[in-house]
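Participant: Hints are included, so try docking the two chains, each in its own frame, into the full complex.
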Amino acid sequence: MSEQEKPITPSQVRMVEDATGKRTLYEEIEVGKDLGAFDWLVTEEDIERQCTLDDHWHDWFQKDSPWGGPIAPPQIQSRPPRWLLGRTYNVRGVSYKHDFEYHKAIKPHQKLTISGKISEKYIKREREFVRWDTFAHDEEGDLVFTASRVQAMDVIKRSAPREGVGIDGGIKPEKI
Amino acid sequence: MAIITEDTPIGFELPPVARQLSVELNKVKTDDGEIPTLHTDPEAAAREGLDKPIAIGSRIFGVIPRMMMDCFGEGWIVGGKGSIVTRRSAAVDALITAKGVVKEKVPEGDDKIRVICEVWVETDEGEKSIVGTCSGLVPKTH
Chain U
2 MSEQEKPITP
12 SQVRMVEDAT
22 GKRTLYEEIE
32 VGKDLGAFDW
42 LVTEEDIERQ
52 CTLDDHWHDW
62 FQKDSPWGGP
72 IAPPQIQSRP
82 PRWLLGRTYN
92 VRGVSYKHDF
102 EYHKAIKPHQ
112 KLTISGKISE
122 KYIKREREFV
132 RWDTFAHDEE
142 GDLVFTASRV
152 QAMDVIKRSA
162 PREGVGIDGG
172 IKPEKI
Chain D
2 MAIITEDTPI
12 GFELPPVARQ
22 LSVELNKVKT
32 DDGEIPTLHT
42 DPEAAAREGL
52 DKPIAIGSRI
62 FGVIPRMMMD
72 CFGEGWIVGG
82 KGSIVTRRSA
92 AVDALITAKG
102 VVKEKVPEGD
112 DKIRVICEVW
122 VETDEGEKSI
132 VGTCSGLVPK
142 TH
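As they're listed, the protein sequences go chains U and D.
Using the working numbering, the first residue of the first sequence is number 2, and each one after it goes up by one.
Using the working numbering, the first residue of the second sequence is number 2, and each one after it goes up by one.
For reference, chain D alone in the conformation it holds in the complex (with noise of 0.2 Å):
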């Protein structure tokens, strides 16, 4: 069931949902094998001006629809929108986690609302990844 409902009050703060990413999880794979990327592989990574691999931006972001899901089920499947900004890079092992906090509550149609939140992705070293803005649908039953 969804966390977030029309009396959710502005200022409420997402569950949280972290994640430790991996080597293995920022490989790119072929049918005829991995191939070397600026995400997994030293050298490809310095070519392109970077000191070391970086996570793939996909992966960071994929904690955010997870809490998105969990505060707001059928209303993220369907009338989910985002608008974020990657800040800043990752490691490819980072322990990364997703927050939010609800900003805005939008009437949208006659039957439904839509709780904007804001939304990031910080390191375990406190520094904010992803930055943004995403939100879900709400029935309006009142």
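If we strip away everything but chain U, and leave its shape as in the complex, we get (with noise of 0.2 Å):
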């Protein structure tokens, strides 16, 4: 059997760094932190990537809506939590939970300012998750959209030590 094919075992070991740098530790992460905010410009790009991401062509993200013109799919709004996130803390893991309310359509070339904070941070089954609340302003100041997202710090254990070099990072591109 040749080096490619041998089958590889998952880790029994945390990972303690990444390509995009040394992992967040569940202590680090301090309950109310501001995780600051950034401006996201939304383009017509992200829209159709959006739709070829979930084979979904509607009229009102192609042509033209009840809010006049075409408006972004909602779900758009699933990403920029996670760059956020990823502005403060290095954490990779799993996304475990995801509470979410649409305001306001987003349009193409629209700004908006994306902010939020840390809410929670527990152990549960023997896993560290982190909690943060992200909020999405337009120019006019209006809410556009709310997410409160819950992610698993590591798949593996806590009580297995920190001692391995991941290949994914939990900084994200920010991108859709």
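Quick caveat, the hints were computed from the structure, so don't treat them as lab data.
Just so you know, not all the hints are guaranteed correct.
[What the hints assert, rightly or not] Listed below are the simulated DSS-like cross-link pairs for lysine-lysine, each with C-alpha atoms no more than 30 Å apart in a straight line:
1. K129/D with K176/U
2. K82/D with K106/D
3. K64/U with K158/U
4. K53/D with K173/U
5. K122/U with K53/D
6. K53/D with K100/D
7. K100/D with K176/U
8. K53/D with K113/D
9. K98/U with K113/D
10. K34/U with K118/U
11. K108/U with K141/D
12. K64/U with K28/D
13. K28/D with K173/U
14. K112/U with K28/D
15. K129/D with K100/D
16. K108/U with K30/D
17. K129/D with K30/D
18. K176/U with K141/D
19. K125/U with K129/D
20. K98/U with K23/U
21. K173/U with K158/U
22. K118/U with K173/U
23. K118/U with K158/U
24. K53/D with K104/D
25. K30/D with K98/U
Facilitator: Take a look at the structure:
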């Protein structure tokens, strides 16, 4: 059996760092911490990319809508909260919970200000979890969407030491 | 036109939406090209404790908004809400199906009703990957 054919054994240790830097420790997560804010310009390319990813080519996303012109699929708001977290903390792990609300339709060429804070951290079933709340406001100051997400910081139990070097990172490219 | 109205009964089953995922849909690309992630690279996945790459959560979730939009139209785009949990991962090339059922109807304001649905995403192995609730608004006419 060649090296390429050998099965890869899942790690028994957690990663201490990865290609994007040192992994954030549970102890380093500050509940209440302001995650800052950044502006996100929603482009036509973003909308087309989201339609492709979800194979959802509704006329409202391509042509016209009740809100005047095309709008973005509302689930496009799933990514910016992850970008926001990544600007402060390097958390890989896997997504666990997602609470959201859509308040206004999102249009192409619209600038949204994404902001948020760490709202909770907890340990459950020997894993570490972090919750952060995200808010998006348009240039008129109106709330466009809210999202509260929970990320399991690692798949591997917290009793495992952090010794390994990961490949994937928690800091994601800020692209749809 | 939205499928669900104020007269839709409790227990109504939402028309399901199915999607075949693929490795391509789970790739993460930058201006410099594709980057290895636990969603596409077996070694990256293994270092995170996984025995194989898993689908991106938002790829799995993506069939739910399609289902909800079919059912609620405008009332999903503005006023849509959800609370979902990822119970188990799905393979990057899984066949996934969003399903749902109307559970509750609650007045919201003077002229709308919030219709709350239990929703979930099943894999072709019959396992529920995502579970939770989503709701949309419908006009109140009587």
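Participant: Indicate, hint by hint, whether the structure satisfies it.
Facilitator: Tested hints:
1. Among the hinted pairs, K129/D with K176/U is consistent with the structure: their alpha-carbon atoms are about 28 Å apart, no more than 30 Å.
2. Distance check on the hinted pair: K82/D and K106/D sit about 14 Å apart at the alpha-carbon level, within 30 Å; holds.
3. Distance hint between K64/U and K158/U is unfulfilled; the C-alpha atoms sit about 48 Å from each other, more than 30 Å.
4. Between K53/D and K173/U the alpha-carbon distance is near 20 Å, which keeps this suggested pair within the 30 Å criterion.
5. Taking the CA atoms of K122/U and K53/D, the gap is about 28 Å. The hint holds against a cut of 30 Å.
6. A hinted pair counts as satisfied when its Cα atoms are at most 30 Å apart, and K53/D with K100/D qualifies at roughly 26 Å.
7. Of the pairs offered as hints, the one joining K100/D and K176/U holds, with about 29 Å between alpha carbons and a cut-off of 30 Å not exceeded.
8. About 46 Å separates the Cα atoms of K53/D and K113/D, which puts this hinted pair outside 30 Å; it is violated.
9. Of the supplied pair hints, the one linking K98/U and K113/D holds, its CA atoms being roughly 28 Å apart against a limit of 30 Å.
10. This hinted pair checks out: K34/U and K118/U have alpha carbons roughly 5 Å apart, not beyond 30 Å.
11. About 27 Å separates the Cα atoms of K108/U and K141/D, which keeps this hinted pair within 30 Å; it holds.
12. Restraint check: the Cα-Cα separation between K64/U and K28/D comes to about 28 Å, which is no more than 30 Å; the hinted pair holds.
13. Proposed proximity of K28/D and K173/U is supported: the alpha carbons are some 12 Å apart, at most 30 Å.
14. The straight-line distance between the Cα atoms of K112/U and K28/D is roughly 26 Å, inside the 30 Å bound, and the hint therefore holds.
15. Our distance criterion of 30 Å between C-alpha atoms is met by K129/D and K100/D, whose separation comes to about 10 Å.
16. For the given pair, K108/U sits about 24 Å from K30/D by alpha-carbon distance, which is consistent with the 30 Å threshold.
17. The straight-line distance between the Cα atoms of K129/D and K30/D is roughly 28 Å, inside the 30 Å bound, and the hint therefore holds.
18. Distance check on the hinted pair: K176/U and K141/D sit about 39 Å apart at the alpha-carbon level, beyond 30 Å; violated.
19. This hinted pair checks out: K125/U and K129/D have alpha carbons roughly 21 Å apart, not beyond 30 Å.
20. Note on K98/U and K23/U: the hinted pairing holds, with a Cα-Cα distance of about 24 Å set against a maximum of 30 Å.
21. For the hint linking K173/U to K158/U, the alpha-carbon distance of about 23 Å falls within 30 Å, and the restraint holds.
22. As the CA atoms of K118/U and K173/U are separated by approximately 18 Å, the hinted pair is consistent with the 30 Å bound.
23. Taking the CA atoms of K118/U and K158/U, the gap is about 25 Å. The hint holds against a cut of 30 Å.
24. The suggested pairing of K53/D with K104/D is violated, with an alpha-carbon distance near 36 Å, which exceeds 30 Å.
25. Our distance criterion of 30 Å between C-alpha atoms is met by K30/D and K98/U, whose separation comes to about 25 Å.
Checked against the numbered hints above, the structure violates hints 3, 8, 18 and 24; every other hint is satisfied.
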